[in-house]
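Participant: Bring the two chains, given one by one in their own frames, into a single complex with the hints.
Protein chains in written order, with numbering that gives the first Met the number 0: chain A, 0 to 221; chain B, 0 to 241.
I should point out that these hints are in silico values taken from the structure, not numbers from a laboratory. Fair warning: there could be bad hints in the mix.
[As the list claims (entries may be wrong)] Covered stretches of chain B, as calculated for chain A (at least 3 residues, CB under 8 Å): (1) 67-78; (2) 85-91; (3) 129-137; (4) 192-200.
[Unchecked claim] Restraint-style ranges between C-beta atoms, simulated for each label pair: (5) B:T230 - A:P115: 35 to 43 Å; (6) A:P218 - B:T75: 33 to 41 Å; (7) A:T65 - B:S37: 18 to 26 Å.
[Claimed, not checked] No more than 25 Å apart at the CA atoms, straight line, and that leaves these computed lysine to any residue pairs for SDA-like: (8) B:K108 - B:Q137; (9) B:K79 - A:R129; (10) A:K116 - A:V35; (11) B:K27 - B:E96; (12) A:K49 - B:K27; (13) B:K111 - B:R124; (14) B:K108 - A:Q118; (15) A:K116 - B:M93; (16) B:K111 - A:W217; (17) A:K116 - B:A128; (18) B:K79 - A:L133; (19) A:K49 - B:T69; (20) A:K116 - A:V219; (21) B:K108 - B:R60; (22) B:K79 - A:V35; (23) B:K111 - A:T128; (24) A:K116 - B:Q137; (25) A:K116 - B:E96; (26) B:K27 - B:L15; (27) B:K36 - B:N55; (28) B:K108 - B:T94; (29) B:K234 - B:R214; (30) B:K19 - B:Q137; (31) A:K116 - B:K79; (32) B:K108 - A:K49; (33) B:K19 - B:N55; (34) A:K116 - B:L15; (35) B:K111 - A:K49.
We put the CB at the ideal spot given by N, CA and C, even for glycine.
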Amino acid sequence: MPDLNFRPIWRYQDQLVEGVLTTLLLTAVATIAGLVIGIAGAVLIRSGPKPVRWLLRIYIEIIRNTPVLVQIFIIYFVLPSFGLKMTPIQAACVALSIYFGAYAIEIIRSGLDSIPKSQIEAGMCLGITRMQVLRHVILPPALRNIYPSVTSQFVLLLLGTSIASQVSADELFHVAGFIDSRTYRSFEVYTLICLIYFGLVISFKLAFAALGRLAFRWPVRR
Amino acid sequence: MALVEISDVHKSFGALEVLKGVSLDIEKGEIVTIIGKSGSGKSTLLRCINALETINQGEIRFEGQPVSTTMPNLRTMRQKVGIVFQAFNLFAHMTIERNITLAPVLTGKVAKSEARPLALDVLERVGLADKIDAYPEQLSGGQQQRAAIARCLAMAPHLMLFDEVTSALDPELVGEVLRVMEEMARQGMTMVLVTHEMNFARNVATKLIFMHQGRVWEQGNPGELFDNPQTPELKSFIGAAA
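Here chain B stands alone, though its shape is the one from the complex (with noise of 0.2 Å):
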């Protein structure tokens, strides 16, 4: 059984069809990035996910479970799936310890005693110790980002998403975002990325998926995909994203 399996799945937005049957399944350990041009729907589809979306029809199971804004254990699936965002929403008014012990804390994970030393040891892991006081607003981009990041990481989930994360970033600093990423990649974290970064996609990825117009055009070994995409779209795609 795949951690993420996604059968046939449509989701409209009134009259437009975003997502127009779409099957695909993650494995644990795996790291899927989806590519594709804005208005393919990769992002719809990673939110459906973690059911921050309905879907019309088909099917979403994670862990062998069903998945739908209705399902009985809807906060027990997120708590297990963490998710990053192209704005980082980290909260304003809480402090960075606050940010990451707030879910921990609430949902019973640790004790209030706990919490701290947790949110240190996952700062360390985003290189952000120093910062487990500041605000929000005090830190940089890519810093909120690592933070963003810091807070999924304390929930200990099975899977993280992520949407286009780096998008929103000056370009010095993706890196820094990049590397804590590749880190949790090797160790062996269950990561699905949309993404417009393609050296990630060719060099971290275990999975690329190609999305066009609603569907997976393309999928397989990113290094194959890159090197011999098999449709016209992909290969512009890659063309222009060169």
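Chain A with its partners taken away, still in its complex shape (with noise of 0.2 Å):
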């Protein structure tokens, strides 16, 4: 066991910091992003034309059965070859979106389908359009039925994140790989960046489950 010294560690907690909120700003925007391809995804794979089902279909099995690391480095490295270059975050965040709305069109589908037709039917028949049916009737229920996917999903993407310090992002993993070059202090450097991450997810696990009590409290039959 070597001794433990935080001190020089201490001396970039700016950079830290930085790391931190790029880790955040990374899984804000895959979310965000993610989440509205998730639902526009699943929507068309349900009731779209074919050729889009198709296509969604294969965008969904390339993404969910290679590496996330390959497709991070294929948008960073591959793409300006054909004309379209973009700094490491950018890259980053374009790459995660897609990951993630790979898996969020998949799990937001299963909400849709767990609603049973009878639902929307009886919404049809009070003469509201299709959109507000999918709006009012569908998806709140599909939303807590899919809620513990989604949010596990989202804590799998958090985490994720550090894969674009391969493509040298500045985020959390980045800022731990550079703090140990300088101090050599490895042990201290990835355990704190263990603790953080750790924090991280428990603080977000901690919301998301007082949001899901607020949001969800129609009592269900079980």
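Facilitator: Below is the structure:
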């Protein structure tokens, strides 16, 4: 066991804060973009035109069956040869959004499928539009059903942002490597980074649990 | 012109022809009950009236307009035709108030500020005013079904369809739902019911339809049909039901 000395690391607290903020930024962008992709994709894959459904299927299968590290490399290192040049942060945002979107489509689709046809029928019979049925009748109970899957996928995404370090986006894990290379305090650095990730995830989980209790208050038969 | 004109309607599910040429007129103010064995096509016929099913042949007109799933005013038609289902189909994530006011508010029938008074009004008519803030799962089956009826009433429909609305209820809860429907009948609502409640069919309905093998087998005045069935099929159906 090496002797612990956190003091050298402490000098890099500004970078650490930056790293946390970047990690949160990547997570937030990918979550929002991914959920938009997820909702639109889920609706289209259920009832869109056949070619669109096929394209979505291909998208989902490619993303879910290849390493996210490879995806991010393709976006950062390969796309520039086609004239699409991005900063590391931009590339990471795009890659993680595409990645999260593929999982979100499948999760949201399963949520929409969990709503009985009779509920949709009852909505349509009231003479409201399809969009209104989707928004008011289908989505709330569907969201409740998939809430645990969405939140755990969110956690995987937050932890997965560390992969952006490989294209030198200055997120938390990249900052850790930087501090380690300057201080050679690997044990302290990675212990601290672990605790930060752990703290972030636990905070989000507590927040999601509270939010879920607030948003899904209606009684259900079990 | 009848409120609903059904002429020579055929409907198949795959190779199975469920409706084999049904013709029927429903006048304003009539209480029509449709009886028959399961599989005779009665629920399917009911669902065709508000375009929940596409018909393969023939025509259905509501207030003179041909009804189909692709008709131009599908939503306007459905706002005028209420339907109550066997399984209630209330929205579990909404309070009773919101279940009732969702469609009237979204379609612009009432302003948001008028929504709660409207919900109270229709809930009073079904005897559930005290349940306005409850969620469906907190109500008994009979109460849920009355709330579902109130949801339809809030749209001030010109016609109400009832698809075996008491079949999923415990026997002691059937009465409260039937009483609400009797009251609606007294107030002049045009109603079409698929039902197994023979007493209702006999005493409240103004017209009785007996369906058999996808056809209207007999129709007419309920009292006469019950007392003097013309076909052996109706005779045995009434015998079995009694």
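Participant: Out of the numbered hints, which ones does the structure contradict?
Facilitator: Of the numbered hints, 4, 7, 8, 11, 12, 17, 22, 26, 30, 32, 35 do not hold.
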